Every structure is written in structure tokens, then in C-alpha cells.
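Trainee: Sequence:
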Amino acid sequence: MTAKEDLVEPTVSNGQQTTTDTIDQQQTPLDYQTSITIENESEEGEVEITYDENGEPKFPLDDLLKLEEQVSRVRWIVPVLPDGELIKCLRTAVCFAREKVDTKSESCQRFIRDSLVTSFTKIFCDEAVGGWKNDIYIAIYNNAMLFIQLCAFKIDDDCFPLLDVLSFVMNPTGRYHQANHNRTSLYHLKNDVEPYAAAMEYRFPQRESWTKASKKQREKLLELIRRLAEDDKEGLMANKVLELLWNISHDKLFPNEIIDQALAAHLKILDYSCLPEKEKTKLSWIDRMMEEVKQDQHVIISLKQMREICTQFSDHAYMHNMSRISYPLNRISLIDRLEDKHKITRVITENLCHYMENTRNCREETKKILPPEDYYPDGRFNHNQQINERLVFLKFILKEGRMNLCFDFTKMLWITLAEQPVYPSDREQCFRWFAEIIDEVGFDFKTGKDFFQNHFMKLEPHLLTDLGMNCFDRFFKSVNAQLNKFLPKRRSMRLINDEDLVGIEYLWKLILNGSDIVANRGIQLIKEVYTNISPSLKNDIKRIHQTFLSECFKRLRVVYDKIKSKTTQATHQQIINSLIRILVVLREYLAECDYSYHKDRHSLPISRAFRGRPVILVFRVNTGQNRQIDDYENPSHLNETWGHIRRMIYNRYKTIYGILELYGNNTLIYPEDDNKTLAQTDGRDRIAITVRWVQQTAHNVSSDESSSSGSEMNNNISSSVSSVHHTRILDPIDLHTESALPSVIFSQKHEYYQFLIELSDMGCKENNIRLRDTARQILDLVPVDPHANATFINCIASSKPNSDENMTRLKNYYFPSSPTQMLYNLKTTLVLLVPAILSNDSNEIESIYVRFLNTGGLVCLLSILTQKQIVDQCDMKTRKSIYLIIFNIIKRVLVILGFYQLKMSNAPIDNDPLDQILSSMSTVTVGENHTPIPLEKKIALLLFKHMNDFPIPKNSFLQYNHIMDFIRLIWC
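One point on numbering: in numbering that gives the first Met the number 0, the residue at position 358 of the sequence shown is 357, and numbering is uninterrupted.
Rather than coming from a laboratory, the hints here were simulated on the basis of the structure. Check the hints yourself; a few may be wrong.
Claimed, not checked - Pairs of lysine-lysine residues, derived as DSSO-like cross-links and limited to a Cα-Cα distance of at most 27 Å, are as follows: (1) Lys57 <-> Lys103; (2) Lys398 <-> Lys279; (3) Lys526 <-> Lys565.
A quick note: this is a predicted structure, and the numbers were derived from the prediction, not measured.
Could you put together the complete structure from these sequences and hints?
Mentor: Written out as C-alpha cells, the structure reads:
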């Protein structure tokens, strides 16, 4: 056979594939022409190793040089025939490698590093492969077999060139294999790898070479044997490799990195192998791993591997009437099989409990306490991993198998991890796992309820953490929802549908006795429950709020009474903390209910019932009619609500053109925010308000949309909601609905106010800022105490002007022994004298001012400022608050007296200095003979008119000592 007959080219210029019959007539491109010399095949002979004078084994250098010359040509030639240079060099290299002398020959190393790589790259990867004759494929196959033997002998060494070549020699998608696959030849490097498999079986597990190899080297070796196994259709290689990899994973001397790589290869072989009974192979491995778990051997590795194998099965369920003969096993059926055959949930639960028991015993015996992250019971996985992997696998089985954990196993897990943990982190893992189970799997009704009541709620509150509160939250809502006590609402909110909630008493225990984190979470949860009431209970809303308020104060009284008994300092502090936490519940509850109420209020919270700091509203109104723009300014104050501003604009223009939209400093003010004050949204001195009317849409609002919480409405606002709100702008205040607000219900109980004042005073006495401030914050959230309001009116309503009896009553009112009561009475006075909203009839407030000044009210306020002993019992913050309120009142009263004295001296009442002072305050104008004037001027005129009937005490006017005291206070 001549070389000419075997000259091969890949393609011709017109793109057609050439055949062996047309080789002589066609000229091939220089870069692709391949010339392979084929001689008569000869039997492979043994190579006898000889050494030179330097003791270096002799390599066939002439053959190597000729091979290098042939493969480096432009029209390259790879001599693959039985007596060619390539196979000669390969035989010598195999012989050298077998005797472990290859590294002593520089020529041998040069061959492996250069010529071998170049030769095999060309004969396996070049485009010319497709045009070669069948006997060439046979020759290449024989060379490849020798190469694989070389790889087997060199597997202990760090020989990257061999691994690189092996990666494409064993790649079934390579050009050689694809071309060979289309022929009738059985010369495929797939099933004929038994020699390499045998060599690998004995040499691959050697630890020394593995542990010394780099990560990349190990990955290449694993990739090699994985491909060998994946392409094995008979099962010989695949099973050997699977067994080998599994044995590696059990070797205690291998590091985790090697084991992880081996297990990953193990999974890929099971997933991508060509075995005809791949499903059966996977099941046999799962059964084998289950047996190891039952024997408590290599548990974590087995569980992790089983979970990954299970994910290789489809998670799609088949119809019940489908035959399993035609369809592969799916994941649910697989887990059912594991439960039926192995009782897998029982095995895993008992295994975890057994592990925990062994760990407790070990800890007691050794008396050595290591951190859980440093305790490795099996030398490979630490304590946290031991628990986590078992729990992760159990959740996987429950979730993917669509099963519920029975009560007995639930109880076992809870006891071993939550009630009898070895480390606190065990309980944390337990909390996290149970919360995930409720979210992702769930419990059946009886199991969930019984476990929650009989086990979870028996856990001492101080043992719960943030994760524990997550878990409690899930159980609390889940159990009560199953009992139809909760109804689902978007964003996982719940609406109360029954007051008798399972776990509510335990929730109070957590609030009172848990850590600060747990208590805060509990407070938010109880607020969520009682501020989201089902529409089905709309007729009982007022009663429910009354009951909850009563419950809060009942608990406050029980805790407060414990203070009277003698206790240790720590116990006393715990009692104070419990008081504060109940007060925080009350504060958050009242604030949330008020925030969610979007209608106008008749009974305002005291904190915004008086006129706040003055601001200027700069309006730009687009009326929508011929694009007219109306610009004007209007004085206002920070306690003004956006709803009141919206109505003021509507009353000014009285248009029905469309929907009214407000923009405060370019930010859209949603109708749901109409109950917010300017201070809550924008505290600047000048607020630019853009007003426009937009066309109404035809879209209707559903009941769900109209009853959404404030935060949801802000995110899902629509013009239809604005439309509904627009029609309610001029609606009268809904007193019936407002009466069901907790803050309004609160205002009907004078004893509630008094108790909070008492608690605030206790905070002052014990220098407990939180107790003092929390009690006062609640007082700020509710309307003025009707009793305090009536007491003030009675003090100034005497029919005897300037009587000592009036002054005595006022002094009793303003100079009580309680610092908080003094502060509260002054706030009440501020609300009555400077209300946030003035009714159309100003006669009532004018009368209050006249009687207040006549009975010596200003004298009392000046006394508080100037007589230090009156506020001696007050702490510094209380004293400052008192002074600020008094200054807020007397600056208006002094302006009134200034106008009054002008009138007394027959001077014009219009006075520039006083008018400038007045303009800096948030005042209102009232009608006087159809001419609006500031309220303060009208009161001054009224005082002058009735100066004989209601004279003002002389000491109400500023004296020298008053001025000096003012300067001193301002300077401080």
C-alpha cells in the first residue's frame, strides 16, 4: 500500500466532501492536506529498556526527530501505522512509564510534552478526519489504546499534557468520534476501555497523589473518568467508577474538597450516563445510602447525595390513570417509595434524635465544651452542619413528597432541639426549620394545633429569640387561620375573626418576659392583630376596642401593684420594664388605629389639637377652565391637616370640573393622607402647593380597594379612589364611626388618664425616661381628657368676677403636686385657647379668653415662670415642656393686652410693632362688621367693651421682675 493511495483531503473548494475514489484527481489545500504512511501491520512487541553511559534510559531519538519533522510541516503527516514513528514512541513511553523511568529521559518527556500532543490533536480534532479510510481509523484506534495505557501508568503524576489530550480523546462529541459513529466500524473509544478501567481501579485511589495534586489536576482526572463512565453503555466502567467515587467519599484521610469533587462526579454519572437501566441504578444507590443512614454510617454524605439524586427525577406529577410502564418514576412517587420501603421520615427523625443524644453524652463524659462550629463528631462535618443537613433533607422529603410530619415526629424534633439542646444554636436551627415547614409544607390541623398548644407555648419566654418569634408568628397565624379565627389578607396580614385566639395569652407572656427583641416583635404582632378587624365584625369593632383597652389597663394595674411589695433591685427593674412594654403596646395600637383612619376628626389627639408653628402656604391653582392660573398665599400652621386644606380650596372655588389633586412641594398628596398634618409630611416654613383638577375616570372601586391599609393604598393609588374621596370632601364628620376609634373610647375613661399620669410621675421619680415618656406619648395620642377640660371651664366660669375663689381654683388647677398633671393641664389650656381648628362661631373662644384673663389665669402662668419653687418637683425635661407651653400661651395673651392697653389710652388699635408680632404667629381672622380682623384684636376690643364687668387684674400686666425673669429664662 503506497502513501499516494492514502493521501487524504477534507473538502474541495465547492464545499463537497471528497471520497477515496477521487483523491488522485483533486488538489487539496496546503493547510489541510494530510499524508499518513500506512505499512503492513505488525504485532506489538515488548520494548527492552537500555541505558546510556550516564544511566539515562535510551529513547528512540531518531523516530522522535522524524515524528517532530512530519507533524510540523505545512502539509503535515501523522505516522499512525503499526510501524510508524508515533506508535514506536508510544510503546517506549508506555514501557518507561510502567517502570517509572520516563521522568529520567529528557527525550521521553519531550515526546509527551510536544509531539504526542500535536499528533493526537491533529488526528482527533482536525477537519480532515472525515475523509480518511477505514483502516486509518483502525490505526488511530490502536494508537489511542496505547495512549490510554500511558495515561493509566501516569495517573499518579502531575502530567497536564496527557490530561489535556485525554479530554478530547474521550470526548464523544469530538470530530473523530462523530465521523467514526457514521461508519460501520465498532472502533469507538467507549466500551473498549477495560484496560484503562483496570489500571484506574488500582491506581486512582492512591491518597498521596490525590492530596498532593492541585484542584485543577483533580478536576481534570475526575472529568476524565466521568466521561469514561458516562459513555459506557454496558455498565462495566460506569459501575466501577461509581463504586470508586463512593469509596473515595468514605475515606477519612481525604480532605472535604476532594470528597466534594468525587461526589459531584458521582452525581453527574448517574444523571448523564448511557446506562439502559439508569433509573434502576439510581434507585439501587438510594437504597444503599438509606442503609448507611440506618446504620448511622456516613449519614451526612448519604443524605446530601440522596437529595441530589432525588432532584434528578422529574417533579411533575402524573395522572392516576397513567401506567408506570410507559412513564419514568417521578419525584413524588420516588419519595412515596422511600417512605413505604424505608419509613424515611421516621429514620431521619430518629437518627437526628440519636445524634443529639450521643452528643449530650459525649459532652457529659468529656466535660469539654467546644463551640458548635469547632466540634466535628465525625471529623468532617461540624455540629451545626450535622443538624442542618438532617433538617434540610427532612424538609426536602416533606415538601417534595407533599407529606405532613406527624405529631410524634414533630414532638421528638422539638424536644431534642428546642427543649433539650446541646448548644443555643440547636434551638435557633429548630426555630428556623419549623418556620420554614409552616411556610413551605404546613402541618395538618390537629398536629399543628396540638403541638402549638402543648409544646411550643410551654417554652419559657426568655428562651425565644428573633428566629423564635418568626416561628411563633407562623404558628400563631397558621393555627388560628385553620380555626377560622383569622382571614387571609394581602401581604400575609391577618384579620381577626374571633377574639378567642389560640396563643394570645402566651403572646402577652412573650411581651412581658421575653428579651427586648422578642418583646418588640410581640408588640408588632399584637398590634397587627387588633388593628386589622374583619368586616364581618364591623358591628363589634367598638366592643373589641373597648375590651382590648380594658385588657391593657388591667394588665398594667396587675404589674403596677407588684411594685408596692418589697423586691430586689433586679425584680423591681423587671416590673418597670413590663410596665413600659404594656405601655408601648397601647401606644402602638392607638397610633396605628388613628393612622389608618382617613376621615375627618371631631376629637383630635391633644398633640395636634392646638395651632402649631406658623407656616405660609403658597398656592398655585390650575382651575382647569381655559387654563387659568390663580396664585396666592395663605397663613397656616403645622398642625393643619391636608384634608382641611383640600376642603378650603374646594370651598374657595366650588367647582365640579373634576377631581382635586394636591401637590405639596411637588409631591402628590394622596387622599388617604388627608388626616396627616403638615408637620408629618413637610415641616418647612413655606410650603408650595400646586392644585389642579383632573377628569374623572369611569373605573369603579372595589370594596377590597377601598378598605386597603394606608401603606397599600399609597402604592396602589388610582384616580378612581381619588374620585370617591372627592365626593366626600364636604361630607360632615362621621361621629358614629369616629366614636369606635380606640383613642376616642379611651377619652371616655378619666381613670385611664389618671393612671397614665401616675405612671409618668413614677418615671420622673425613678429617673426612668422610657416610662415617663411612653406614658406621656399615649396621653398625646388621645383627645383632651373631658374631666380636665371641664375643670378648666369651671375655674373661669364663676359669676363673681375677680373673686378669690376663682384664683384658688386656678391655682389648684395649675399647681398640682404631680409634674405630669401640671404639664397636662397646661396642654389642655393651650388647646382651649389656641385650637387647631376654629369654628365659624368665635364667641366661645372669645369668652374663654375674657374669663381666663379676668380670673387671673395669666397671673398663674406668670407665677410658674417666675416662682421657681412651683416647678421644683419637676425634672428638667418636664420643666422645659412646661415653659414652652406657657410661652406659647402668653405670647398671644400679651399681644391681646398690648392691643387692650392701646385702646385704654385712646390710641389707634392698629399698631405696626404689635401687628408685626402678630403676623409672626399662626393666627386666624374673624368677622367684625363684615370686616375680618385678627382674633387677638377682636378679643382686645371685647375686653375693653366689658372692662367694668370683667376687669383684668393689675398683676396680669408685665412688671419689671417679670421682664427680668423672661430674660433669664430666654438666656438659659
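Trainee: Next, verify each hint and record whether it holds.
Mentor: Going down the list of hints, with the structure as the test:
1. Proposed proximity of Lys57 and Lys103 is supported: the alpha carbons are some 10 Å apart, at most 27 Å.
2. The straight-line distance between the Cα atoms of Lys398 and Lys279 is roughly 24 Å, inside the 27 Å bound, and the hint therefore holds.
3. Under the criterion of a C-alpha separation no larger than 27 Å, the hint pairing Lys526 with Lys565 is inconsistent with the structure, at around 33 Å.
Hint compliance for this structure: hint 3 alone is broken.
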